[in-house]
Structure formats: structure tokens, C-alpha cells
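Q: Those protein sequences? They're chains A and B, same order as listed. Residues 1 to 329, numbered by this note's numbering, are exactly what the first sequence covers, in order. Residues 1 to 329, numbered by this note's numbering, are exactly what the second sequence covers, in order.
Among the hints, erroneous ones may be present.
Because identical chains cannot be distinguished in the list, a pair is counted as satisfied if it fits within a single copy or across any two copies.
Derived lysine-lysine pairs resembling DSSO-like cross-links, with alpha carbons at most 27 Å apart [what the hints assert, rightly or not]: (1) LYS105 - LYS249; (2) LYS105 - LYS174; (3) LYS110 - LYS174; (4) LYS29 - LYS110; (5) LYS62 - LYS110; (6) LYS289 - LYS249; (7) LYS29 - LYS62; (8) LYS289 - LYS254.
The set of hints was computed from the structure by calculation and includes no laboratory data.
There are 2 protein chains.
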Amino acid sequence: MEETNLNQTIRCIVKLGGAAITCKNELEKINEENLETVSSQLRQAMNLGSCSNKVIGMDWSKRDGVSDISSTLADIDDQCQFTVDFSRFVVVHGAGSFGHFQASKSGVHKGGLIQPLVKAGFVATRISVTTLNLEIVRALAREGIPSIGMSPHSCGWSTSERNVASADFSGVSKAIDSGFIPVLHGDAVFDDSLGCTILSGDVIIRHLAEHLRPEYVVFLTDVSGVYDRPPTDPNAVLLREIAVGEDGKWSVVKPTPQSMNKQVEIIVAAHDTTGGMVTKISEAALIAKLGIDVYIVKAATSHSLKALRGELRHNIPDDWLGTVIRFSR
Amino acid sequence: MEETNLNQTIRCIVKLGGAAITCKNELEKINEENLETVSSQLRQAMNLGSCSNKVIGMDWSKRDGVSDISSTLADIDDQCQFTVDFSRFVVVHGAGSFGHFQASKSGVHKGGLIQPLVKAGFVATRISVTTLNLEIVRALAREGIPSIGMSPHSCGWSTSERNVASADFSGVSKAIDSGFIPVLHGDAVFDDSLGCTILSGDVIIRHLAEHLRPEYVVFLTDVSGVYDRPPTDPNAVLLREIAVGEDGKWSVVKPTPQSMNKQVEIIVAAHDTTGGMVTKISEAALIAKLGIDVYIVKAATSHSLKALRGELRHNIPDDWLGTVIRFSR
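Same shape as in the complex, but just chain A:
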């Protein structure tokens, strides 16, 4: 792994969950309303020190369904007097309804690039996830966030037996130090032993957190946090605080264990066959172990805004909905 030389620490790494920003059950459909709200909240969170509410749109490209770009451009010449300084964030997004179909149809996650179907699926998966990446970069840019798409596979991320073997921290650091917001994503990557596999956004987040040591990490999801059983179950209980010990094991602190089903861990694991929530909690626990607070919260809510702004770092209000994962010595 290469050395990282950041000029300053970064404030926050944010995961935009695939389920929160896309329409899960419709192929390659973005949840435009959520994405717009998430982008706006990110701008507010990054812009904390600024008194200006003026948004300097940075997407000057044509858009489907928008007649022309002249309205975006009319303001450009007036914008020079505004500063565009943002606090140091990194954004990583999942795939949601992009990439999933292509990957599962071809078995990219299982490797075997020598097979034509896998090779074609590798190309098709990357087309789909980079399409989503571009749309997210554009949505952030429209909010005036100076975002830079960085596609992990093409930036040199690769794995060995599904574990990250090489990563690009210097490109991310350089972009941050130059005042930009890198936007990475879950991607199909080369694997030294398997040929190829899928590198999830959650794993990327954990590696970035280890190397960039942000002040806090936020996972934006489509549910309010981590529950003791499927959130669709009317008896599901939101786990408000999880403590991670030196040994990496985690335990529920709030609600108090006495009031809870003792089999929380097993139930959480069982309701998630895709590995989504389990991976998320495992990766979050590894991040928390570094002493970095992790917030898992529903995207595009007042709760997510609080988490993104870093308001929960010293005090978590009783009416805040979400899961905090914290290191506990």
C-alpha cells in the first residue's frame, strides 16, 4: 500500500447507499428526489463555515428533459465573486439497481475472466456503475459541490482473493488537497487470484477510513439504521448505539441489553442474505475500532442532515433516529 500525504485531515467519508439513491426494483433508475435531497444536505454539511447560500452550479452539460443549458449558464459570469470552499469530504456510493443485474447475470463476483460471459459481464457491469457514478457527480455538481468521479477499477484498485490488494489513496488525497470532493463507487475490479470480482462500496469506505482517518463516517441507507430483525417486521427494534471493543466484537448498548432479545447478532445476520447489512456492520465495526464514529441513518431526512453536519459527535439527541457505532475501550 502506498503512503498517504494529506495536507489536513478530512472531515467525513459518506456512503450513499445504493438502495437510498436508486429505485431498487427498477433497472438503472435513479431515485431523483432522494438524490437531490442528499446532494443538498451534503452541500449544507460541507458548507458549514460559509455564510453564502448561493449555489454555483458546476454541471454545464445537457440534460435529458431539460430544454437547454442557458439557464444554468446565465449565472456563470456572476459567480466569480463567490468562494467555493468546502470542507473535506469523500463520497462513496453503492450500485443499487445499477450494475447488480449485469454482475449477477454474468457472475463477475465469482471471477473467471477467461469465460466470455464473465468478460462481457465485467464490461457491462462497469458501464452500468460508471453511468450511475456520472449521474451522482452531476447531481452533486448541480448543488455546487466540486465533485470528481474516481472509478476504483480504473484508478488502480484491485483485490487478491477478494481482499483489497492495491488502492488509490494518493489520487484521492491529491483531489481533496486541491479542493475537490472525490466520488468513488462499488466496482468490478481485477483480482490477482480469481481474475475479477466485485469490490463493494462498504469495503472501499473502510480502506479509505483506515488510510485517511476522517473525523466521522456516515452511511446513508433506505432504513433508519440497524434493527434487531428485518425492519419490515412490526416488532423490529432500532439499535441506537453499538459499542465495538478492542477485540473488534460489537455489542448493543442502547436499547439496554436487558430490554432486548439476546439473539440480536444472529437475527441481524439472518435477515440479510445478500451480505448487505452484515457487511456494512462488519466494516463499520472495523472503522469504529479506529476510534472513528460511524452513523448509519436514513438518507434525505432531518436525521441524516444532523449526522452529515457532525452534530452528533458530542451529543446525540434523544429524538435522533439512527444507529451510532462507536469504539469502547
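Guided by the hints, dock chain B onto chain A, whose structure is given.
A: Only chain B this time, still in chain A's reference frame:
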């Protein structure tokens, strides 16, 4: 500069000229017909050794104006028996009507990232050129070419006083060795001294040629080659062969100098204020000096197909229209 460890030499680096694949005078409009023909010719050129004409589509994403993707997908399961081996090519494309507006509006090429307008323009330019890159990757993938978009800025290309200071050859080599076709493009990049600038596709081609040493290089343009004056001038003469000496200077070999205006070099330089053709010839001369033949030819013609297939390497037919630039000891 890093070391390059290619398993085998690559056959060809191709430049898809911005003017050849986009509609010059219409903002962000692709010349679909040309792009489709170019993609098909590239497949034919890369597929030389194969007896199969079956195209295995690798773009499984939704497309505007195409009702659904089921037709693309119907064949996927049947495709497993076909090999998808392609000879080793690298594709680099220009920007054409993508990126140019955003770059010139903001002055990204002049640097000064501290200015909000330049910073916004950097983001806007990259959105525009990566949009084009994605469309080209998709067009190639539809032809069954296993293409991988590699955006120079995010892959670590940067400049110092507009000269390439760092480049990503290992990512390109790794993709080629794994059986993929990397697709790079002219891009907005960081510059050590200026903050940022524009790195042209032609300069990228030359650097790739120096490090990857392809057998030949093809520039696909919107005119038949290099002329002695603007091609719109009815008296313009196509320069069929240009020789480059050890000193890097070039001279017209064909048509013979006796039959030509003596001021060719000056006239060529004068008719091109944007630096487009002059840059192209300078970069092509530097490539030729390495002993690598360069063909400048009109895209989507029978002549471009001959060039792409490498048919001109030993003998150039009298009826071939284009410009050959060659090293001459």
C-alpha cells in the same frame, strides 16, 4: 515515470478525433453514424485472427430511444461458446463538441484553480468529457469490444507547466494484459505549477506510444489527412507521405517536393489557429521518430479500415487516401 511491464507488445494505438465522432457545431452531440462505423471497423481490425463474425454485445444498460434491453440480453446465454479475444489495441479519443465549451468558458487550460469559475469549469469540463467517454465505451461494447474507460485525470495523469509529469501506464498495461481495450481521452488535469490545464488526446497518444511501443498508430480525423492548406481550399493538396528525420524535423516525400509549394510547413501551421493539426503533426512526428508508423486518415472510410487493420505497413496502395508519417534515417 513508472516502469511498464507488458506481457506482449501492443498492436495499435488509435486516436478517435473529436471532430470525427461528434458534431462539431452542436453542443454535446455525438455523430452516431460515424461512431457506429468506427466501432465496427475497430472490431474488424481487432478481430483479424478470428473466424467468427458473431458480435457479443457488452453494453447491457438501458439506452435512450431503445425501448428495452431484452433484445441485447436474449443472446447472452448463447454467447458462452464464443471467444472474445481481441488483438491488443488502445483507444484515445478527443473531445469535439464535448468539454470544449466548458473549458473555454472557464479558462481551465490557463490554470488558476483558486478562482471559483476555473474550479467550476474544471468540474464541468470533466463531466462533459467523461460523458463522451462513457458513450464511446458503450458504442465499442455494443460491437463486442471489451472496452474499459480510463479517465486520465482520475487515473493519475498530471502535468507540470503543461508537460506530462505523471501518467498511468501500469493501469493501461494491466487492462491490456487482462484482455481489455483501454479507452482514454483528452481531459482536464492537475498541473503542478498552473493548478490545472487541458491534456490533449494527441499528447496522451504520444506518451502511450513512447512507453507501450505499439506496432503502428492511427489518427482518425474528419478530413482525409494532412493537406498543404485548408482542406476546404479547392487547390489543397493531400500530403501522402511525410518523412521524419533523426533530428525530428519532417519533410514531405509524396507528392514530390518539386511538384509542391515550398512553403508547406508554414501554410499547414497557418491554417490551424487552435493548434489542432499542428499539435497532431508534431506529436505524430515524435511518434514516427520512435520508428512507429503513423497514419492520419478520414474516419469511417475504406481507407481508415485499411489503416486500422495494419494493411499499410508493408505496402501503401496508390488509391489509399491518407497521410503516412514515417521515420527516415
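Q: With reference to the structure, classify each hint as holding or not holding.
A: Right, here's what the structure says about each hint:
no., hint, verdict
1, LYS105 - LYS249, "neither (35 Å within a copy, 54 Å between copies)"
2, LYS105 - LYS174, "between (36 Å within a copy, 25 Å between copies)"
3, LYS110 - LYS174, "between (33 Å within a copy, 20 Å between copies)"
4, LYS29 - LYS110, "within (25 Å within a copy, 38 Å between copies)"
5, LYS62 - LYS110, "between (38 Å within a copy, 24 Å between copies)"
6, LYS289 - LYS249, "within (9 Å within a copy, 62 Å between copies)"
7, LYS29 - LYS62, "both (19 Å within a copy, 9 Å between copies)"
8, LYS289 - LYS254, "within (18 Å within a copy, 71 Å between copies)"
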